[in-house]
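**Q** So the chains spell out like this:
There are 2 protein chains.
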Amino acid sequence: MIAETPTPPYYAVIFTSIWTEGDNNYGDMAERMVLLARDQDGFLGVESARNEIGITVSYWRDLESIKKWKENSEHKTARENGRKLWYTSFKTRIAKVESDYDFHKL
Amino acid sequence: MIAETPTPPYYAVIFTSIWTEGDNNYGDMAERMVLLARDQDGFLGVESARNEIGITVSYWRDLESIKKWKENSEHKTARENGRKLWYTSFKTRIAKVESDYDFHKL
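Chains as they are written, first to last, in the numbering used here: chain A, 1 to 106; chain B, 1 to 106.
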């Protein structure tokens, strides 16, 4: 679903990935990470889509909350597994959302 | 593919969408828009993934180049078709990329 984020400014972490073959229990980890992220102070939402590449965008109140999430030990383990099992390459971009607008069909 | 963007800062336009049923010639338009965007001054790259939702992130040198692209007449027509044909809802976020890092498996 589209994340229901507050009025900007807030932060986006854009994670773009190229995948290895096979699932390697990715689904279980991804589900767990979303549950864990929701409990973090400053977490605002997450959006994810995947076909040839994967794009996951998570939204955060500020850089401090992103930093704390990066230091979460379970998240660290998941990222290590990502490098070992799931991704052949990825790029992470930290960006400050300055404006947004949306559309909903009546 | 993962866009090969320059050293930050630069801008990201994060476009998250929920789709109507059917293709309605979306593929042809999407291909045309990427070709057209590549010709725009300030365009840095684009990444796109889709399954339950669609996420397209395009990267731009600055707000001015995003504004010019938004004013492109063919792009305007495509956006109108998007509202009519392809999307039941979407959200667009304009964000300034402040930092990035990547990983490539050897």
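To be clear, the hints were calculated from the coordinates, so they are not data collected in a lab. Heads up, some of the hints might be wrong.
[What the hints assert, rightly or not] Facing chain A, according to a computed beta carbon distance under 7 Å, are these residues of chain B, among others:
1. Met29
2. Thr77
3. Glu80
4. Asn81
5. Ala95
6. Val97
7. Glu98
For clarity, every value in this text was computed on a predicted model and none was experimentally measured. Virtual Cβ for every residue (Gly too), placed ideally from N, Cα, C.
**Q** Hint by hint, note whether the structure agrees.
**A** To see whether the hints hold, each was checked on the structure:
{"no.": "1", "hint": "Met29", "result": "violated, 17 Å"}
{"no.": "2", "hint": "Thr77", "result": "violated, 16 Å"}
{"no.": "3", "hint": "Glu80", "result": "violated, 11 Å"}
{"no.": "4", "hint": "Asn81", "result": "violated, 13 Å"}
{"no.": "5", "hint": "Ala95", "result": "holds, 4 Å"}
{"no.": "6", "hint": "Val97", "result": "holds, 4 Å"}
{"no.": "7", "hint": "Glu98", "result": "holds, 6 Å"}
Violated hints, listed in ascending order, are 1, 2, 3 and 4; each of the other numbered hints is respected by the structure.
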